[in-house]
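Those protein sequences? They're chains A and B, same order as listed. Each residue of the first sequence is one higher than the last, beginning at 1 in the working numbering. Each residue of the second sequence is one higher than the last, beginning at 361 in the working numbering.
Hints are supplied without guarantee of correctness; some may be wrong.
As the list claims (entries may be wrong) - Straight-line distance between alpha carbons at most 27 Å, and here's what the computed DSS-like set of lysine-lysine pairs gives:
{"id": "1", "chain 1": "B", "residue 1": "Lys859", "chain 2": "A", "residue 2": "Lys96"}
{"id": "2", "chain 1": "B", "residue 1": "Lys872", "chain 2": "A", "residue 2": "Lys96"}
{"id": "3", "chain 1": "B", "residue 1": "Lys651", "chain 2": "B", "residue 2": "Lys664"}
{"id": "4", "chain 1": "A", "residue 1": "Lys96", "chain 2": "B", "residue 2": "Lys382"}
{"id": "5", "chain 1": "B", "residue 1": "Lys409", "chain 2": "A", "residue 2": "Lys98"}
{"id": "6", "chain 1": "B", "residue 1": "Lys530", "chain 2": "B", "residue 2": "Lys732"}
{"id": "7", "chain 1": "B", "residue 1": "Lys872", "chain 2": "B", "residue 2": "Lys530"}
{"id": "8", "chain 1": "B", "residue 1": "Lys717", "chain 2": "B", "residue 2": "Lys732"}
{"id": "9", "chain 1": "A", "residue 1": "Lys328", "chain 2": "B", "residue 2": "Lys488"}
{"id": "10", "chain 1": "A", "residue 1": "Lys56", "chain 2": "B", "residue 2": "Lys651"}
{"id": "11", "chain 1": "A", "residue 1": "Lys98", "chain 2": "B", "residue 2": "Lys680"}
{"id": "12", "chain 1": "A", "residue 1": "Lys267", "chain 2": "B", "residue 2": "Lys861"}
{"id": "13", "chain 1": "B", "residue 1": "Lys708", "chain 2": "B", "residue 2": "Lys732"}
{"id": "14", "chain 1": "A", "residue 1": "Lys29", "chain 2": "A", "residue 2": "Lys215"}
{"id": "15", "chain 1": "B", "residue 1": "Lys654", "chain 2": "B", "residue 2": "Lys809"}
{"id": "16", "chain 1": "A", "residue 1": "Lys267", "chain 2": "A", "residue 2": "Lys328"}
{"id": "17", "chain 1": "B", "residue 1": "Lys488", "chain 2": "A", "residue 2": "Lys267"}
{"id": "18", "chain 1": "B", "residue 1": "Lys680", "chain 2": "B", "residue 2": "Lys717"}
{"id": "19", "chain 1": "B", "residue 1": "Lys861", "chain 2": "A", "residue 2": "Lys96"}
{"id": "20", "chain 1": "A", "residue 1": "Lys267", "chain 2": "B", "residue 2": "Lys382"}
{"id": "21", "chain 1": "B", "residue 1": "Lys861", "chain 2": "A", "residue 2": "Lys98"}
{"id": "22", "chain 1": "A", "residue 1": "Lys98", "chain 2": "A", "residue 2": "Lys267"}
{"id": "23", "chain 1": "A", "residue 1": "Lys267", "chain 2": "B", "residue 2": "Lys859"}
{"id": "24", "chain 1": "B", "residue 1": "Lys846", "chain 2": "B", "residue 2": "Lys488"}
{"id": "25", "chain 1": "A", "residue 1": "Lys215", "chain 2": "B", "residue 2": "Lys409"}
{"id": "26", "chain 1": "A", "residue 1": "Lys267", "chain 2": "B", "residue 2": "Lys530"}
{"id": "27", "chain 1": "B", "residue 1": "Lys708", "chain 2": "A", "residue 2": "Lys328"}
{"id": "28", "chain 1": "B", "residue 1": "Lys861", "chain 2": "A", "residue 2": "Lys215"}
{"id": "29", "chain 1": "A", "residue 1": "Lys98", "chain 2": "B", "residue 2": "Lys859"}
{"id": "30", "chain 1": "B", "residue 1": "Lys609", "chain 2": "B", "residue 2": "Lys592"}
{"id": "31", "chain 1": "A", "residue 1": "Lys328", "chain 2": "B", "residue 2": "Lys409"}
{"id": "32", "chain 1": "A", "residue 1": "Lys255", "chain 2": "B", "residue 2": "Lys861"}
To be verified - Simulated DEER-style distance windows between Cβ atoms:
{"id": "33", "chain 1": "A", "residue 1": "Ser4", "chain 2": "B", "residue 2": "Lys872", "range": "47 to 57 Å"}
{"id": "34", "chain 1": "A", "residue 1": "Lys169", "chain 2": "B", "residue 2": "Pro478", "range": "12 to 22 Å"}
{"id": "35", "chain 1": "A", "residue 1": "Arg322", "chain 2": "B", "residue 2": "Ile460", "range": "11 to 21 Å"}
{"id": "36", "chain 1": "B", "residue 1": "Ala406", "chain 2": "A", "residue 2": "Ala186", "range": "56 to 66 Å"}
{"id": "37", "chain 1": "B", "residue 1": "Asp431", "chain 2": "A", "residue 2": "Asp168", "range": "45 to 55 Å"}
{"id": "38", "chain 1": "A", "residue 1": "Ile66", "chain 2": "B", "residue 2": "Asp642", "range": "15 to 25 Å"}
{"id": "39", "chain 1": "B", "residue 1": "Pro781", "chain 2": "A", "residue 2": "Gly65", "range": "29 to 39 Å"}
{"id": "40", "chain 1": "A", "residue 1": "Ile66", "chain 2": "B", "residue 2": "Thr425", "range": "21 to 31 Å"}
Keep in mind that the hints were calculated from the coordinates and are not lab data. Owing to the predicted nature of the structure, the values given are computational and were not obtained by experimental measurement. Note that CB positions come from ideal geometry on N, CA and C, so glycine has one too.
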Amino acid sequence: MESSLFFGLSTVAYILAMVAYVSYIAFRKNGIGLSATGITIFGFASQTVAILLRWKEFYQLSGMGILRSVPLTNLYESLIFFVWCLILGYLIIEFKYKNRSFGAFVTPIAVLALAFINLSGMSTGIQPLVPALQSNWLLAHVMMSFISYSMFALSFSTALMYLISSTDKRNEGSYIFWTAALGIFAAVLLAMGIDWVRYGVGMKPDAFIKSYLFKSTFRNSSGFVQLMSYAGTALLVFLVWLSGSRLKGVIETFKLSPVMLDEITYKSIAVGFPIFTLGGLIFGAIWADQAWGVYWSWDPKETWSLITWFVYAFYLHARLLRGWRGHKISVVAVFGFVAVIFTYLGVNLLLSGLHSYGSQ
Amino acid sequence: MENQQKQKSLSDRIWSFLASIKLAIIVFSLIALTSIVGTVVEQQAAPEKNLKVLGSIFGDGLAPTAYKVLDTLGFMNMYRSWWFLLLLVLFAVNLIICSIDRFPGIWRVVRTPVRPLPPDAFRNMPIKAELAVKAKPAALRESVLSSIRGIGFNAAREDEEGGFQFYAQKHAWSRLGVYITHFSIVVIMLGAVIGIFFGFKGFVNIPEGLATNLVYANTGISSQAEFDERNKLLDIMDSAQGDVGQVAKELGVSVPALTRRLRHLGIVPLGFAVRCDQFDVDYYPNSDMPKAYKSHLTVFDGGKPVLSKWIEVNEPLKYKGVTFYQSSYGVLPDTSGGVAVLELKSAKGASDVERLKVGDSFTIPGTGITGKIDEFNPALNFDEAGNPYTYSPMMTNPAIKVSLKFPDGRTATKWIAKRYPESWQLPDGNIVGLTDFWGVRYTGVQARKDPGVWVVYFGCITLALGLFVAFFVSHRKIWVRVAQDKGGSRITVAASSNKNKSAFERQIEQLKTALLTKEVSK
């Protein structure tokens, strides 16, 4: 498994790149910025090599055609590919807009995804393919879905940065929105962390989530603990709300203009939406038609893709026809990505259905 | 203006409501929100399952009430409920009416040829550029025209006092992209409706060696009487070998009426028969994970075999508009009808294939060794003490126990398994191999007829094209005016693009560079 060596290299590189990008916005030294870009490119190159090697290993092991051996068949492989797309998208933006500050926001997402792989102990081995996945549609459907997910992830981070950098009054609706969203996000991560420390070490993610998620906090058997968890969440939201202006200060040092952020948000969605429609929905329907004999069966994964599609259709109509700009439209983009996360992870881990491959 | 709006007739107001983006946004949100509930509550599942799901959300105390409320509202089978269908219809109506409403305006824009721009309008265009050059206007005609061609426009010229103007537009039709997209969604929904009314979705388990002339679909059965009627009709259908015409004659009803009744009871006659000749599973090496499972099906029409094919997941069979998909498989509850396929080989090379039932005897050709099959085990394994047991309900490792009798009077019993452990070789070089245990498994086949699927596919193709046009092709216009200015000329450029303005701005920059270099090279 030479591929794991290169995966390891890329993980280390992305962590270093994250540190470099953050210190770049702190010190604004060109040398640091250049090395951040260099490290990211190195990480991206070794990840590319790793994916290609894994593809080769899978091809030799499975004895199937090269197109059918694409390493996109489980949660681990899809997360790796997601990170790859995200970094590629980021590098393109860095070169196009000649601005590095944004890297301090994107590399942490990549590192978080890679950390999730390592901490959750999900299986990283090459697994044989169940018959339903042995199709040439796998490549087109899954790859295009993830390219669009990465575009949506980009639009999410720029929309959130837009909201953070352009609100300052504590009674403003969008200020409350982003502080609450960030507070809840932090509370959920914290609660999951507690569960993980208490029960989940070394457990498969789907089993962990099905049986233990939020058992130490929101779903605790004791009503008091439950109450305290909600109160704690409220407190956390309050704290973020109170200190939101500090975060704003940090983002302001990025020197990104709100107009540019808004434009990147729109462009990422304008590219992601058609790719998602074609690769995710249409190719998915054609494949389902071939494998299961129904092109649409209201399976949870299908339904959530449709929900995601509606949210982004809403974004596009509101922006292009009603001329929504600024706060309102950024809130929609944030919600869109919440739907994406649920389509990608939530459905596989929480709901049952035909698309259960991604949970191993 | 305000008065006019008040005087709008009721039908006008309904029309503009149905065409409004507001309705679109309401419908989008309602479909999305109700669908969320539909993914949490498992559809058409046993009540206990959803009670458990609801219990984990609302607590066990509230779960029954929550279940009752959701059930009454139709959420347990919501994608077929009247209100969800109504939402989908509203979605389609909104899409159609808003397209009809906006189409004439857009069509006018598409059809209008680009006109020269009055000089003072240049300032008001979203993209503009200006440069002064030394040559006279008359000397610039060719170079300006070829520069405009260089960025992909075919420009027309109009002469003005002391100069001229080139003007062009391209991809005006791209404004229709959004209508192609909307139209495609309606087409896809139409295809789905055709499928619902003129097609069916059925399922049938066919045991190895048997045939079926009907498949089972969702039923509308609501009473015990209907259930009994269904069983009776199944019997009659069986004895008439699936001939609906004959059954209709027997019962004294018309064929369409009988077909409708059968459909209501969840029975779909095929009009031909499908036999499962053989079912097979390939496993990944050293595991019980299926790599592929497949069924050899033969279609009999009018009693004669007309078509045979191995079907697999992702590889269906099609006959007379009905498609058969490999969906699942299983072992029959009664395995006594099973046939062991034995490969018998002597050490000297004589060989034979025998098909035998449990209890049957065989002889290895060219030797005096005889054997008898005593027992069958669908998934043989041995525990630590070496005792055989069945380790899986699926037939993952079929095996037979044989008693062997040798010419010298010795006897032996031996388990012979299809997959593992290696057990075919006898000590003296003779072979008793189990290549299959046939006739104890069924293949689960999904059968579907959907005449609307091509309409859906057509809609998908146009949807993809429409989206591409709507997002990536823009309607661009350009005007280049060359006027006498002092000793030379002033070139003014104005341009507009309905989307992706910055890309067009870069092109205009290119145009500027081209104009300057051409000027310099003179």
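**OP:** Could you grab the alpha-carbon distance between Lys708 (chain B) and Lys732 (chain B) and see if it respects the 27 Å cut-off?
**Re:** OK: Lys708 (chain B) and Lys732 (chain B) at ~22 Å, within 27 Å.
Original post:
Does the structure keep Lys861 (chain B) and Lys215 (chain A) at a Cα separation of 27 Å or less?
Top reply: 52 Å, violated
Subject >> Hinted pair Lys409 (chain B) and Lys98 (chain A), Cα distance within 27 Å >> reply: This hinted pair is violated, its Cα atoms lying about 54 Å apart.
Original post:
Does Lys732 (chain B) lie within 27 Å of Lys530 (chain B) when you go C-alpha to C-alpha?
Top reply: Violated - the C-alpha atoms of Lys732 (chain B) and Lys530 (chain B) are around 84 Å apart, more than 27 Å.
Original post:
Are the Cα positions of Lys488 (chain B) and Lys267 (chain A) separated by 27 Å at most?
Top reply: Judged against 27 Å, a Cα distance of about 23 Å means the pair holds.
Subject >> C-beta pair Ile66 (chain A), Thr425 (chain B): status relative to the range 21 to 31 Å that was hinted >> reply: At roughly 55 Å between Cβ atoms, Thr425 (chain B) and Ile66 (chain A) fall outside 21 to 31 Å, so the hint is violated.
Original post:
Is Lys267 (chain A) within 27 Å of Lys328 (chain A), Cα to Cα?
Top reply: 17 Å, holds
Original post:
Taking 29 to 39 Å as the hint, is the beta-carbon distance of Pro781 (chain B) and Gly65 (chain A) inside that range?
Top reply: 33 Å, holds
**OP:** Given the hint that Lys859 (chain B) pairs with Lys96 (chain A), test it: the Cα-Cα distance must not exceed 27 Å.
**Re:** Holds, at roughly 18 Å.
Subject >> Straight-line alpha-carbon gap Lys267 (chain A) to Lys382 (chain B), limit 27 Å >> reply: 24 Å, holds
Subject >> C-beta pair Lys169 (chain A), Pro478 (chain B): status relative to the range 12 to 22 Å that was hinted >> reply: 46 Å, violated
**OP:** Please work out if Lys651 (chain B) and Lys664 (chain B) have their alpha carbons no farther apart than 27 Å.
**Re:** 33 Å, violated
Violation of the numbered hints given earlier is confined to hints 3, 4, 5, 6, 9, 11, 14, 18, 27, 28, 31, 34, 36 and 40; the remaining hints are satisfied by the structure.
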